[in-house]
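Undergrad: Now for the letters of each chain:
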Amino acid sequence: MAATQTALTDDIPVINPGYKFDTIGEKIDAVVLGPTPKGWFVGFAMAFVVLQALLAGLTWLLYEGIGVWGVNIPVGWGFDIINFVWWIGIGHAGTLISAILLLFHQQWRTSINRFAEAMTLFAVACAGIYPLAHMGRPWFFYYLLPLPNTMQLWPQFRSPLMWDVFAVSTYATVSLLFWYTGLIPDFASIRDRAKNIWVKRVYGILSLGWRGAAMHWHRYENTYLMLAGLSTPLVLSVHTIVSFDFAVGNLPGWHATIFPPYFVAGAVFSGFAMVVTLAVPVRAAYGMKDFITDKHLDNMAKVMLVTGLMVFYGYGCEAFFAYYSANEYEQGLFMLNRAFGPYGIYYWLLILCNGIIPQLLWLRSVRLNVTLLFIISIIINIGMWLERFVILMALQRDFIPSSWGQYAPTFWDITTYIGTFGLFGSLMFLFMRFVPMISAFEMKHLIPESHVHHDGDEHGHSSHGTHHEGAHA
Amino acid sequence: MSTKTEKPGLFGLLAEFETTQAVFDAANAVRKEGFTKVEAYSPFPVEGLWEAVGHKRTWLPVLVFIGGLTGATCAFFLQTLTAGAHPDSLDPLLDGTVSTLTGNMLSFNYRMNIAGRPFFSWPAFIPPIFEMTILFSAFTALFGMLILNGYPLPHHPLFNNKKFERASSDRFFICIEATDPTFDREATEHFLQGLKPLSVTEVPL
Chain A
1 MAATQTALTD
11 DIPVINPGYK
21 FDTIGEKIDA
31 VVLGPTPKGW
41 FVGFAMAFVV
51 LQALLAGLTW
61 LLYEGIGVWG
71 VNIPVGWGFD
81 IINFVWWIGI
91 GHAGTLISAI
101 LLLFHQQWRT
111 SINRFAEAMT
121 LFAVACAGIY
131 PLAHMGRPWF
141 FYYLLPLPNT
151 MQLWPQFRSP
161 LMWDVFAVST
171 YATVSLLFWY
181 TGLIPDFASI
191 RDRAKNIWVK
201 RVYGILSLGW
211 RGAAMHWHRY
221 ENTYLMLAGL
231 STPLVLSVHT
241 IVSFDFAVGN
251 LPGWHATIFP
261 PYFVAGAVFS
271 GFAMVVTLAV
281 PVRAAYGMKD
291 FITDKHLDNM
301 AKVMLVTGLM
311 VFYGYGCEAF
321 FAYYSANEYE
331 QGLFMLNRAF
341 GPYGIYYWLL
351 ILCNGIIPQL
361 LWLRSVRLNV
371 TLLFIISIII
381 NIGMWLERFV
391 ILMALQRDFI
401 PSSWGQYAPT
411 FWDITTYIGT
421 FGLFGSLMFL
431 FMRFVPMISA
441 FEMKHLIPES
451 HVHHDGDEHG
461 HSSHGTHHEG
471 AHA
Chain B
1001 MSTKTEKPGL
1011 FGLLAEFETT
1021 QAVFDAANAV
1031 RKEGFTKVEA
1041 YSPFPVEGLW
1051 EAVGHKRTWL
1061 PVLVFIGGLT
1071 GATCAFFLQT
1081 LTAGAHPDSL
1091 DPLLDGTVST
1101 LTGNMLSFNY
1111 RMNIAGRPFF
1121 SWPAFIPPIF
1131 EMTILFSAFT
1141 ALFGMLILNG
1151 YPLPHHPLFN
1161 NKKFERASSD
1171 RFFICIEATD
1181 PTFDREATEH
1191 FLQGLKPLSV
1201 TEVPL
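Here the protein sequences line up with chains A and B, keeping their order.
Each step along the first sequence adds one to the number in this note's numbering, with nothing skipped, and position 163 is 163.
Each step along the second sequence adds one to the number in this note's numbering, with nothing skipped, and position 185 is 1185.
Take the hints with a grain of salt, since some may be wrong.
What the hints assert, rightly or not - Now the in silico label distances, taken between C-beta atoms and shown as ranges:
(1) B:Cys1074 <-> A:Asp22: 41 to 49 Å
(2) B:Asp1180 <-> A:Leu103: 35 to 43 Å
(3) B:Arg1057 <-> A:Ile414: 54 to 62 Å
(4) B:Phe1065 <-> A:Leu372: 34 to 42 Å
(5) B:Trp1059 <-> A:Thr371: 48 to 56 Å
(6) B:Gly1194 <-> A:Ala285: 46 to 54 Å
(7) A:Ile375 <-> B:Trp1059: 48 to 56 Å
(8) A:Ser325 <-> B:Phe1065: 41 to 49 Å
What the hints assert, rightly or not - In silico DSSO-like pairs for lysine-lysine, Cα to Cα no more than 27 Å straight-line:
(9) B:Lys1032 <-> A:Lys200
(10) B:Lys1163 <-> A:Lys20
(11) A:Lys20 <-> A:Lys195
(12) A:Lys289 <-> A:Lys302
(13) B:Lys1162 <-> A:Lys195
(14) A:Lys20 <-> A:Lys200
(15) A:Lys195 <-> B:Lys1163
(16) B:Lys1162 <-> A:Lys20
(17) A:Lys200 <-> B:Lys1162
(18) A:Lys27 <-> B:Lys1163
(19) A:Lys20 <-> B:Lys1196
(20) A:Lys195 <-> A:Lys27
(21) B:Lys1032 <-> B:Lys1056
(22) A:Lys27 <-> B:Lys1162
(23) A:Lys302 <-> A:Lys38
(24) A:Lys38 <-> A:Lys27
(25) A:Lys38 <-> A:Lys195
If you're looking for bench data, these hints aren't it; they were derived computationally from the structure.
The structure presented is a predicted model; accordingly, all values stated were derived computationally and were not measured.
C-beta atoms are modelled at their ideal positions from N, C-alpha and C, and glycine is treated no differently.
Sequences are here, hints too, so could you generate the full structure?
TA: Shown next as C-alpha cells:
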C-alpha cells in the first residue's frame, strides 16, 4: 500500500502487468472451478441465518397483516418505501458501471462490472419485496398488471405507482438480460476448462454452446452495445419514476422539480458506495488486487464525490425552494418538521453523512486509503438511507395540526429490513461461488496483445473496421 | 495429423494461431484465396476479424429498432384502448376510423375518471410507453443475437477437436469447412500450412 499511495493515480494500471490471455482466464475461472474456501462457508452461513429474519418477518406480516408494521395515518408509508428506494438506488450503480461507462469507453469498468451488475439484480430483488409485501394481500399483485379480466377493470395508467411497476419490472428484466449476455462467453470458458463432466455439462448448457466465431462476436458486440445504449436511459428513467412517487403528490416537501435529477444522483451515489463496500473485502478475500486495482477504488471515490456534491446541491435546493416558495406549508415543513422537528437530528446526520464526510474524498491520500474509503462508503450508505427516511417523514406533519402524527418502526419493520441484508448477502455469496465474478473475455481485451494492426491487409477491405481500434494498444 | 484421402465425416480443417495479429492476417489471406465457408474463432472479440473472414455486417440493429417500435406501439394502444380513449375522443383526430375498427370493444371497459382529466391523457402514458420500448428492444437484441447465431446449440463438430478447447482461453482458430466449393483435403491443408499456424488438424463430424 505504501508504494501506491505515493504514486500518481494516473500511473496505476487497470490491470497489473504480467498477465496473458490464459492466466487471466485461469485466475477468474479458478474461483468457480477450484475448491470452496472455508471462509465462503462461514460467510454464506451467516448471510443465510440473517435471511431467516426476512422469512420470519414476512411470515408474520402475511399471517397478522400490515398492522405489525409501524405505518399509520398520516404516515402511510414507512420502512417499506424507504427500503424500497434505498435498495433500488443501490442497484443503479451496477447499470451505470456496465452501461454508461461502456459507452464512454472507460476501461476501468471492466473488472468491476460483473459483480456490480450482480449487485444490481440482488438489490432489485430486495427492493421488489417491499411493494409486494406492503400490498397486504400480495397474492393480488396481478391487479397491477394489465391483464384482461372479467371485471373489465384495467390499471390506472396515469399513476406514478403504476409507472413504477413498468419501470422496475423492465429494469429488473433488462438488467438480467444484460448480465446474462456478458456471462455467455465466460460460461463457455468454464465449460472448456472444467474437468468434471457434470460441471462441463451445466456450464455448457448455460453457455448455450458458445464457440466464439468471428461473426458471432460481431453480433454479440452489437448486442452488448445496444443493451448498454438501452440501459442508459432506462436507469435514468427508473429513479426518475421512483421520485415521481413523491414529487407528483401535492405535498409540501415532496412536490419539487429537483426530485428526479436529485434522486438519480443519489442512486448513483449510494450504488457506488455499495460497490466499494463490496469490492474492498472481495478483492482481498479472492486475491483479485491485480484486477481490481487502487485505480478502480480511486475512480469510484471520484464518482462518489461528484454525485455526493450533486446530492448536497439537491438538499440546498430543497431548503431554497421552501424559503422561496413563500408558501407557509412548504416553509413550515422545512423548519418545523424536516430540520428542526421531532426527527431533526436525522436531517443533520444526513447532512453530515452525505454532505460533509464525503468531502474527505477530495484528498488523494483518502481515496487511496482502502480502510478509510471502506468506512466512508458505509457512512454514505447510512446517509442515503437517512435521506429517504427524512423525505418520508414529510408525511407526519401536513396541512392541519390536528392530523399530525408520529412514526416509529416496529420490531417487525427492523427484522424485515435486516432480513433483506441476508437475502442480498446469500445471493452475493452464491454468485461469487458459481459465476465468474470478473468478466474474463473483457479483461483479455485490456492487455495490449489483444489488438491488431491492419498493415498486413493491403486489400483495404477490412481497414475501416480496424484502424482506429488498433491504435489503442 | 493424418493425410488420408477425404473422408465423408470431415467437418473441415482447423488452423491454430497464437496471436490476434496472426489470425487476423491469416483470415485476410484465406478470404483473398477465395474460400467462402470459413470461420475464425477467438476467446474475445478481435476487431475487424469478421470482416477479414469475409462476413457481411449484421442487420441486428434493424431488428432491434423494429422491436422497439413494436413495444412503443403496443404500450400506446394498450393504455389508450383500456384506460383512455373512448372512440368519441379519438375520432375527431382519426375521422371515424377508430370506432369502426374497435367497435363495441371499448364500451365494455370501465374507464376511470381520475380527477376529471381527459380519458385520453396521452402525456401520462409516456412512461409506460418508454419502458415497453426499452423492454421489447432489449429482448430483441439478446434473442435476435442468439437466434441469428444459431444458439442454443449444445454440441458442434468443432468440439470434437481437442485443440478447440483453447478457443475460449488463449488460442485463435480458422476453420475452412469441407462444404466449401474449393475445399480439397490436401491442397487446403497445404495452403493453411503456408499461413504459419501452430498446427493444422482435422475436425471430424
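Undergrad: Compare the structure with each hint and give your call.
TA: Hint check:
1. At roughly 47 Å, the beta-carbon separation of B:Cys1074 and A:Asp22 lies within the given 41 to 49 Å, and the hint holds.
2. At roughly 39 Å, the beta-carbon separation of B:Asp1180 and A:Leu103 lies within the given 35 to 43 Å, and the hint holds.
3. Here the CB-CB span from B:Arg1057 to A:Ile414 is close to 56 Å, well matched to the stated 54 to 62 Å.
4. A hinted range of 34 to 42 Å for the beta carbons of B:Phe1065 and A:Leu372 is inconsistent with their spacing of about 48 Å.
5. In this structure, B:Trp1059 and A:Thr371 meet the distance hint of 48 to 56 Å, their C-beta atoms being roughly 52 Å apart.
6. A hinted range of 46 to 54 Å holds for the C-beta pair B:Gly1194 and A:Ala285, which are about 50 Å apart.
7. In this structure, A:Ile375 and B:Trp1059 meet the distance hint of 48 to 56 Å, their C-beta atoms being roughly 51 Å apart.
8. For A:Ser325 paired with B:Phe1065, a C-beta distance near 44 Å keeps the hint of 41 to 49 Å intact.
9. Simply put, B:Lys1032 and A:Lys200 have alpha-carbon atoms about 38 Å apart, too far for the 27 Å limit, and the pair is violated.
10. Under the criterion of a C-alpha separation no larger than 27 Å, the hint pairing B:Lys1163 with A:Lys20 is consistent with the structure, at around 18 Å.
11. As the CA atoms of A:Lys20 and A:Lys195 are separated by approximately 22 Å, the hinted pair is consistent with the 27 Å bound.
12. In summary, the hint linking A:Lys289 to A:Lys302 is supported, as the alpha carbons are separated by about 19 Å, within the 27 Å threshold.
13. For the proposed pair B:Lys1162 and A:Lys195, the alpha carbon gap of about 13 Å is at most 27 Å, so the pair holds.
14. Restraint check for A:Lys20 and A:Lys200: the C-alpha separation of about 24 Å stays at or below 27 Å, so the hint holds.
15. A distance of roughly 15 Å separates the Cα atoms of A:Lys195 and B:Lys1163; the hinted pair therefore holds under the 27 Å criterion.
16. Restraint check for B:Lys1162 and A:Lys20: satisfied, since their Cα atoms lie roughly 21 Å apart, inside the 27 Å limit.
17. Between A:Lys200 and B:Lys1162, the direct Cα distance comes to roughly 14 Å. Compliance with the 27 Å bound is thereby established for this hinted pair.
18. Taking the CA atoms of A:Lys27 and B:Lys1163, the gap is near 21 Å; set against the 27 Å cutoff, the hint holds.
19. Restraint check: the Cα-Cα separation between A:Lys20 and B:Lys1196 comes to about 22 Å, which is no more than 27 Å; the hinted pair holds.
20. A threshold of 27 Å between alpha carbons decides the hint, and for A:Lys195 with A:Lys27 the separation of about 16 Å falls inside it, so the pair holds.
21. With a C-alpha separation of about 15 Å, the suggested pair B:Lys1032 and B:Lys1056 falls inside the 27 Å cut-off, and the hint holds.
22. Of the supplied pair hints, the one linking A:Lys27 and B:Lys1162 holds, its CA atoms being roughly 22 Å apart against a limit of 27 Å.
23. A threshold of 27 Å between alpha carbons decides the hint, and for A:Lys302 with A:Lys38 the separation of about 35 Å lies outside it, so the pair is violated.
24. A C-alpha spacing of about 18 Å is found between A:Lys38 and A:Lys27, which places the hinted pair at or below 27 Å, so the restraint holds.
25. For the hint pairing A:Lys38 with A:Lys195, the CA-to-CA distance comes to about 22 Å; that is within 27 Å, so the pair holds.
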